[in-house]
Amino acid sequence: MPYDSILNWIVFKDPMVNPFYNVYNLPYDIGFKLWEILGGAIAWLINLIFPGNGASKFLVSQEVTGILALVLMVVVIFAVAFVINLTMIWEERKVLGRMMDRRATRVGPLGYLQNLADGLKTFLKENITPSKADKKGYMWALSIVIGTSVLIACMIPLSDRWFIADYGAGLLIIFGLFAIAPFMILVAGWAQNNKYALLGGMRAAAQMISYEVPMLIVFASVTLMAKSFNINDIVAAQVGMWFIVPQILGFIVFMVAAVAEAERIPFDLPEAEAELVEGWQTEYSGMKWGLIMLGDYFRGYVACALGVIMFLGGWMIPFTSWNAIPEIVFLLKVFLIFFVFAWIRAAHARVRTDQILWLGWKVLLPLSVINLLIVLALKIGGMV
Amino acid sequence: MAEMWLTMGPQHPFSHGLWTLKVLADGEIVKDAVPVIGYLHRGWEKECENRPYPLIIPMADRLCYSASMTWSHVYCKVVEEALEIELTDRTKYLRVVADEICRIQSHLMWLAAMGTDLGNLTVFLWALREREFFLDLNVKLCGQRLTTNYPRIGGVRNDMPYYFERDCLRVVKRFEKAIWNIIAMMDESAIVVSRLKGVGVISRKDAANYGLTGPTMRGCGVDFDVRRDDPYCNYDQLDWEVAVCKEGDAYGRYRVRIEEMLQSCEIIKQAMEKLDKLPKTDPTRVKVPKNVPAGTHFARLEDPRGESLMYLISDGSDRPYRLKVRSPIFVNVSASKHLVDGVRIADIPAIMGTIDMCLGETDR
Numbered sequence: 042m043p044y045d046s047i048l049n050w051i052v053f054k055d056p057m058v059n060p061f062y063n064v065y066n067l068p069y070d071i072g073f074k075l076w077e078i079l080g081g082a083i084a085w086l087i088n089l090i091f092p093g094n095g096a097s098k099f100l101v102s103q104e105v106t107g108i109l110a111l112v113l114m115v116v117v118i119f120a121v122a123f124v125i126n127l128t129m130i131w132e133e134r135k136v137l138g139r140m141m142d143r144r145a146t147r148v149g150p151l152g153y154l155q156n157l158a159d160g161l162k163t164f165l166k167e168n169i170t171p172s173k174a175d176k177k178g179y180m181w182a183l184s185i186v187i188g189t190s191v192l193i194a195c196m197i198p199l200s201d202r203w204f205i206a207d208y209g210a211g212l213l214i215i216f217g218l219f220a221i222a223p224f225m226i227l228v229a230g231w232a233q234n235n236k237y238a239l240l241g242g243m244r245a246a247a248q249m250i251s252y253e254v255p256m257l258i259v260f261a262s263v264t265l266m267a268k269s270f271n272i273n274d275i276v277a278a279q280v281g282m283w284f285i286v287p288q289i290l291g292f293i294v295f296m297v298a299a300v301a302e303a304e305r306i307p308f309d310l311p312e313a314e315a316e317l318v319e320g321w322q323t324e325y326s327g328m329k330w331g332l333i334m335l336g337d338y339f340r341g342y343v344a345c346a347l348g349v350i351m352f353l354g355g356w357m358i359p360f361t362s363w364n365a366i367p368e369i370v371f372l373l374k375v376f377l378i379f380f381v382f383a384w385i386r387a388a389h390a391r392v393r394t395d396q397i398l399w400l401g402w403k404v405l406l407p408l409s410v411i412n413l414l415i416v417l418a419l420k421i422g423g424m425v
Numbered sequence: 002m003a004e005m006w007l008t009m010g011p012q013h014p015f016s017h018g019l020w021t022l023k024v025l026a027d028g029e030i031v032k033d034a035v036p037v038i039g040y041l042h043r044g045w046e047k048e049c050e051n052r053p054y055p056l057i058i059p060m061a062d063r064l065c066y067s068a069s070m071t072w073s074h075v076y077c078k079v080v081e082e083a084l085e086i087e088l089t090d091r092t093k094y095l096r097v098v099a100d101e102i103c104r105i106q107s108h109l110m111w112l113a114a115m116g117t118d119l120g121n122l123t124v125f126l127w128a129l130r131e132r133e134f135f136l137d138l139n140v141k142l143c144g145q146r147l148t149t150n151y152p153r154i155g156g157v158r159n160d161m162p163y164y165f166e167r168d169c170l171r172v173v174k175r176f177e178k179a180i181w182n183i184i185a186m187m188d189e190s191a192i193v194v195s196r197l198k199g200v201g202v203i204s205r206k207d208a209a210n211y212g213l214t215g216p217t218m219r220g221c222g223v224d225f226d227v228r229r230d231d232p233y234c235n236y237d238q239l240d241w242e243v244a245v246c247k248e249g250d251a252y253g254r255y256r257v258r259i260e261e262m263l264q265s266c267e268i269i270k271q272a273m274e275k276l277d278k279l280p281k282t283d284p285t286r287v288k289v290p291k292n293v294p295a296g297t298h299f300a301r302l303e304d305p306r307g308e309s310l311m312y313l314i315s316d317g318s319d320r321p322y323r324l325k326v327r328s329p330i331f332v333n334v335s336a337s338k339h340l341v342d343g344v345r346i347a348d349i350p351a352i353m354g355t356i357d358m359c360l361g362e363t364d365r
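Sequence order for the protein chains is A and B. Here my numbering = 1-based position in the first sequence + 41. Here my numbering = 1-based position in the second sequence + 1.
Fair warning: there could be bad hints in the mix.
What the hints assert, rightly or not - In the DSS-like style, the derived pairs of lysine-lysine whose C-alpha atoms are separated by at most 27 Å in a straight line are: (1) Lys278(B) / Lys288(B); (2) Lys236(A) / Lys23(B); (3) Lys32(B) / Lys236(A); (4) Lys177(A) / Lys162(A).
Simulated from the structure, these hints should not be mistaken for laboratory data.
Modelling step: build the complete structure from the supplied sequences, incorporating the hints.
Next up, the structure:
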């Protein structure tokens with residue numbers, strides 16, 4: 042009996058023999074090995090009951106393993122993004138707690154499980170849909186806001202071996218999906234049939250037109266310098282010099298716009314709780330609100346990660362080519378930027394609607410254009 | 002966007018209590034505003050008519066949770082005027098210290114609320130942290146944090162304990178340093194200054210017409226303080242200045258309150274010195290008759306929020322015939338339409354925050 046032992050079923054094959062990835066992909070490798078163990082065990086069990094069947098061999102074949110490895114890879118990537126997100130919320134709470142001179146999170150080791158406790162609490166709340174709300178707009182706008190936030194968080198590569206897809210238009214697609222949520226906030230504000238939510242949605246629209254333009258100009262200057270939209274290429278172009286050095290103006294503009302994009306203090310006008318109760322989230326309660334908060338932090342993560350990718354050399358360590366765990370290097374940079382975000386939140390008050398318009402059009406836009414001109418001058422001069 | 006009425010309150014983060022500001026909003030611009038109060042009406046004045054005089058003191062505490070000391074003080078003051086009692090110096094200075102502690106902690110509560118109104122939680126927590134020390138002083142002086150129940154008709158409940166002077170001066174010394182952290186958080190932040198400057202402007206004339214008092218009035222250049230201009234409790238023997246700001250906007254009111262806190266520290270230190278020189282055996286309370294002779298009397302003093310006044314009609318029995326309260330916020334809130342007219346909705350918390358609403362005394 043050649044297939045008597047479970048070890049005959051769990052055979053580690055070469056994950057590179059697949060139609061999906063031609064460069065090494067760590068999460069795919071993890072998914073591949075996971076399925077070889079899981080599927081091998083299942084195939085062995087089936088073979089015990091029905092010896093010599095074809096289904097068992099089918100489950101562990103190279104083709105099926107390759108496809109199911111994709112599914113497991115998505116789960117792995119989402120789980121990692123989720124843990125990163127929880128860590129960032131934890132980091133913010135700890136930093137804010139220290140800065141505000143108060144207790145931060147207390148549940149679990151170092152307070153790390155506080156987020157899970159909060160998630161459980163919001164999950165157990167009643168799911169309320171206002172009777173006068175536009176049901177479709179109410180649910181769909183929310184789903185798209187949360188969905189795109191989670192999607193782009195999963196699309197952020199942690200290194201040149203940890204990515205979902207390595208496509209030419211990488212950064213462009215991430216930016217496109219990043220800008221959907223503020224628009225859907227406007228829809229959500231309208232659909233809730235609530236005056237505060239409506240004002241919050243309008244503010245989201247007013248805010249979006251003020252920071253989206255400078256942000257995209259900075260994005261254009263970065264891609265111009267790297268000669269590519271591909272994230273790997275952008276990071277690789279920063280080997281000699283991080284883009285923050287020639288484009289310090291762009292970095293500042295991008296970070297200000299990113300705080301606004303992630304709707305954090307001082308630019309959290311759409312949910313200004315002092316005057317608009319909870320802004321566009323007023324009628325979303327229970328787990329819906331919990332998911333919105335989670336989505337907000339996913340967007341905060343994406344904002345930090347884009348800053349790291351575009352200006353801080355991605356997953357590279359400066360002055361050395363040695364890099365054993367690029368994912369950790371990348372995440373440390375992300376957490377460092379997020380620390381600054383939390384610091385800003387602790388130090389600043391909320392701005393007014395007209396003030397953010399003024400900031401976007403009269404400060405950020407000229408600065409981003411100057412940044413673009415600097416990049417153009419460097420390009421023409423042949424410096425980069 | 003079409004005009005719409007926005008009912009901000011009574012359950013609204015900006016209202017700091019149970020009241021409503023109905024706002025006619027044209028998009029973000031405020032066209033009209035109607036303050037609605039009365040959600041917290043408890044029949045305070047009527048209830049006082051059925052109580053003997055000493056039992057009204059704890060009720061006066063409950064007029065405002067953060068200014069309980071001054072409210073029970075003004076009540077005791079009106080009854081003392083009716084009885085024509087002269088207090089001992091020791092009592093007067095003890096009341097001064099208690100009032101100024103109350104003023105500082107009330108202003109710190111306002112500063113904390115101001116922080117959340119502007120969206121800065123750090124100011125909120127730092128201000129409450131500082132306030133906690135003054136509440137501890139309250140505990141040491143009279144055994145209670147908020148509803149202090151300290152003044153008595155003809156004196157105060159007890160003399161200060163032997164360690165109080167040391168603790169009080171320590172807290173004041175610490176506070177005079179720590180307040181600058183919070184001032185830096187507010188004044189050195191361009192966002193906060195731009196949010197406060199030039200909004201909610203009210204002129205001297207309008208302030209007089211609305212009858213504004215307290216920091217709201219002094220914030221628009223009126224140099225008047227009951228403590229200095231109609232002195233009580235030996236305030237005239239202490240060396241301090243009235244905080245006045247000419248601008249009349251939210252930032253001016255903010256500056257006035259900050260300056261008042263620093264002046265209160267001065268007053269506490271000087272009152273402590275004066276208390277040191279007085280003999281420790283001085284009585285802190287004089288014997289008072291049970292019944293108040295018939296007549297009408299009023300007394301006023303400087304509350305943290307403005308000028309609080311009580312008007313007493315007594316009929317010779319041991320209960321007041323009528324006790325009328327003039328609450329500073331009841332008057333100040335009437336100017337809210339003038340203050341928020343033409344500003345943005347985002348400015349409403351910043352402007353109404355500088356009024357320092359307290360609904361217990363407004364609705365009574």
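Do the hints match the structure? See the list:
1. Lys278(B) / Lys288(B): holds, 24 Å
2. Lys236(A) / Lys23(B): Given pair Lys236(A), Lys23(B) holds - Cα atoms ~13 Å apart, limit 27 Å.
3. Lys32(B) / Lys236(A): holds, 16 Å
4. Lys177(A) / Lys162(A): Distance of about 26 Å is within 27 Å: holds.
In summary, the structure agrees with every hint in the numbered list given earlier.
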